[in-house]
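Throw the hints in and build the complete structure from the sequences for me.
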Amino acid sequence: MAEYVHASGGPLFHIGRYILMVKRCFSKPERAAMYWKETLVQMSNIGVGSLVIILLISFFIGAVSAVQFAYNLSSSMVPMEYVGLIVKESMILELAPTVSCLILCGKIGSNLASELGTMRLTEQIDALEIMGVNTISYLIGPKLFAAVTMIPLLVIIAACTGIYGGMLAGSFSGYVSSTDYVSGVLMSFVPYNIKVMMIKSVVFGFVLTSISCYQGFYSHGSAIEIGKASTRAVVLSCIMVLFADLILTWLLLK
Amino acid sequence: MIEVKDVRKKFGTQEVLKGISAVFESGKNNLIIGKSGSGKTVLLKCIVGLLTPTDGSIFYDGKDYVAMNINAKNEVRRELGMLFQGGALFDSLTVEENVRFPLDMFTHMPLSEKKDRVNEVLKRVNLVNTNHKFPSQLSGGMQKRTGIARAIVMNPKYLFCDEPNSGLDPQTSIVIDELIMEITEEYQITTITNTHDMNSVIANGDKIIFLHEGNKHWEGDKVSLFESDNKELIDFIFASEFLKEARDARHDKILAKLKK
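Residue numbers (the numbering used here), protein chains in the order written: chain A, 24 to 277; chain B, 256 to 515.
These are computed hints drawn from the structure, not numbers from a lab. Certain hints may be false.
Stated by the list, open to error - Simulated DEER-style distance windows between Cβ atoms: (1) A:R47 x B:S312: 19 to 29 angstroms; (2) B:N384 x A:K130: 36 to 46 angstroms; (3) A:S245 x B:D490: 27 to 37 angstroms; (4) B:V321 x A:Y215: 54 to 64 angstroms; (5) B:L348 x A:L74: 21 to 31 angstroms; (6) B:I325 x A:Y41: 10 to 20 angstroms; (7) B:Q443 x A:S245: 37 to 47 angstroms; (8) A:H37 x B:N326: 22 to 32 angstroms; (9) A:H37 x B:L348: 28 to 38 angstroms; (10) A:V87 x B:N386: 50 to 60 angstroms.
Unchecked claim - Pairs of lysine-lysine residues, derived as PhoX-like cross-links and limited to a Cα-Cα distance of at most 25 angstroms, are as follows: (11) B:K486 x B:K290; (12) B:K273 x B:K462; (13) B:K273 x B:K318; (14) B:K328 x A:K51; (15) B:K370 x B:K388; (16) B:K260 x B:K477; (17) B:K318 x B:K265; (18) B:K412 x B:K388; (19) A:K130 x A:K60; (20) A:K60 x B:K370; (21) B:K260 x B:K318; (22) B:K412 x B:K477; (23) B:K486 x B:K462; (24) A:K51 x B:K369; (25) B:K328 x A:K46; (26) A:K60 x B:K388; (27) B:K388 x B:K328; (28) A:K60 x B:K369.
To be verified - Partner residues are not named here, just some residues of chain B that face chain A (Cβ under 10 angstroms, in silico): (29) G341; (30) D346; (31) T362.
Glycine is no exception: its CB is placed at the ideal position from the N, C-alpha and C atoms.
Take a look at the structure:
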């Protein structure tokens with residue numbers, strides 16, 4: 024394993040090694056109880072640990088969106104209650120899943136990459152290997168499972184908080200009353216949009232976690248390298264989340 | 256018993272191990288010594304399977320480890336214990352959880368039995384009342400002893416120690432050396448220690464292999480080490496002129512003491 028860590032190559036080498044890593048995440052665990060314990064820890068770290076930042080950011084995104092839409096609609100004949108509808112739809116379809124996951128790329132991505140990188144540097148991963156533990160499955164599998172279960176929950180919370188933030192900002196700024204805003208939110212409901220949001224959040228969660236874990240797990244060298252791996256994890260996962268967003272939007276909203 | 260046959264390891268074009276063959280015997284403390292960059296760590300990593308040799312074979316009790324698939328390797332690995340240079344303790348776990356980890360992962364023992372076993376090995380390495388401390392709260396020597404406790408908790412057949420004395424003061428180094436020696440004899444395990452600490456070599460060298468620039472330059476025990484006229488080995492052991500003069504002046508006395 025150690026030489027695969029030190030090996031380096033072009034994009035095809037990394038794609039191949041990434042695919043093999045993901046495949047090994049799904050191999051049979053040595054002891055299911057230990058994996059489950061680790062999964063609960065990761066669920067707490069990823070889910071509970073990211074709640075405050077998601078609440079704050081989605082609140083402000085919803086608030087700013089409401090004020091901007093209201094400002095643009097104020098000079099037109101469109102009724103102000105449409106602000107609620109537009110904020111709701113944009114939060115569900117794009118802002119909650121994509122922006123939340125971009126924030127999580129920074130928070131979770133750097134955290135995972137530096138955690139695994141430090142474990143590599145201090146030989147903790149080697150210690151697990153020598154014990155006969157499938158290190159990829161034990162260290163990365165629970166993180167992936169925790170991410171694809173907790174990130175959709177965070178995205179649902181983000182969408183609700185953003186819509187609520189829009190209502191408060193609209194009424195405080197005087198552009199749109201709470202009553203108009205709420206009637207706009209309730210104007211139409213497309214269950215398929217919720218499905219799109221959930222699919223996006225699961226895919227983004229998987230992408231950002233797996234890329235960050237890959238960067239951390241295969242980092243080597245010194246503390247500087249861990250810093251670089253952490254930066255690469257954030258940058259690459261942000262780019263891949265946006266790329267996946269484009270592909271999913273094309274596929275799901277044809 | 257571990258047998259290494261003509262093991263070679265290349266990184267790109269650089270050949271780090273140039274055909275090493277050796278036999279590491281059970282119940283003995285086998286030492287790999289040599290200067291920094293001589294290939295000691297690469298050889299140890301090849302033996303435990305963290306690196307795959309470019310060529311050659313490694314046999315664990317006659318079974319070819321290099322040719323095994325990952326599942327068979329993992330079976331052998333459950334009989335290995337390793338003490339890492341920096342301890343390699345899991346930061347987020349307490350001393351007790353660190354030592355219990357292999358038992359939690361690979362055995363079906365009830366928790367009370369696992370705790371008893373952990374306390375037994377912690378007592379064996381002279382670590383008491385530290386169960387609930389985290390690695391960051393331990394001194395270097397205590398971290399090493401926790402590492403030894405974790406390495407022996409599964410009753411391994413083979414124990415590997417990578418620079419067990421690095422970063423320790425001379426007195427603590429002696430404590431760690433003695434502990435490794437005692438455990439090797441007590442459990443009759445095959446121990447391979449990678450070191451450049453000469454106190455360890457003189458105290459524990461049941462069998463010594465000297466590596467120089469990726470080649471096995473010399474093999475013997477602590478008595479024959481002192482009698483050897485291998486130039487590289489002498490330069491390595493008696494690094495300063497003072498030590499060389501002291502060796503010549505007290506040669507007979509030291510030799511008699513080692514032979515006891």
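- Message: Checking one constraint from the list: CA of B:K328 to CA of A:K46, max 25 angstroms. Satisfied?
- Response: Distance of about 19 angstroms is within 25 angstroms: holds.
- With a cut-off of 25 angstroms on the C-alpha distance, tell me whether B:K260 and B:K318 pass. Judged against 25 angstroms, a Cα distance of about 12 angstroms means the pair holds.
- Query: For the pair B:L348 and A:L74, does the Cβ-Cβ distance stay inside 21 to 31 angstroms?
  - Reply: holds (25 angstroms)
- Message: Given a hint of 36 to 46 angstroms, does the C-beta separation of B:N384 and A:K130 actually sit inside it?
- Response: The hinted range 36 to 46 angstroms holds for B:N384 and A:K130, with Cβ atoms some 38 angstroms apart.
- Starting from the range 28 to 38 angstroms, see whether the pair A:H37 and B:L348 falls in it by beta-carbon distance. holds (31 angstroms)
- Message: Between the alpha carbons of B:K273 and B:K462, is the straight-line distance 25 angstroms or under?
- Response: Status holds; Cα separation ~21 angstroms.
- Query: When the nearest CB of chain A is found for B:D346, is that gap smaller than 10 angstroms?
  - Reply: With Cβ-Cβ at 8 angstroms, under 10 angstroms, it holds.
- Item | Pair hint outcome, B:K273 versus B:K318 [Cα-Cα no greater than 25 angstroms] | It holds: about 22 angstroms lies between the C-alpha atoms, which stays within 25 angstroms.
- Does 27 to 37 angstroms hold as the CB distance between A:S245 and B:D490, or does it fail? The hint (27 to 37 angstroms, Cβ to Cβ) holds, given that A:S245 and B:D490 are roughly 30 angstroms apart.
- Task: Take a look at whether the Cβ-Cβ distance between A:V87 and B:N386 falls inside 50 to 60 angstroms.
- Result: About 52 angstroms separates the Cβ atoms of A:V87 and B:N386, which means 50 to 60 angstroms holds.
- Query: Given the hint that B:K486 pairs with B:K462, does the C-alpha gap stay at or below 25 angstroms?
  - Reply: OK: B:K486 and B:K462 at ~19 angstroms, within 25 angstroms.
- Task: For the pair supplied as a hint, B:K412 and B:K388, confirm whether the alpha-carbon distance does not exceed 25 angstroms.
- Result: violated (28 angstroms)
Hint violations for this structure: numbers 18, 27, all remaining hints satisfied.
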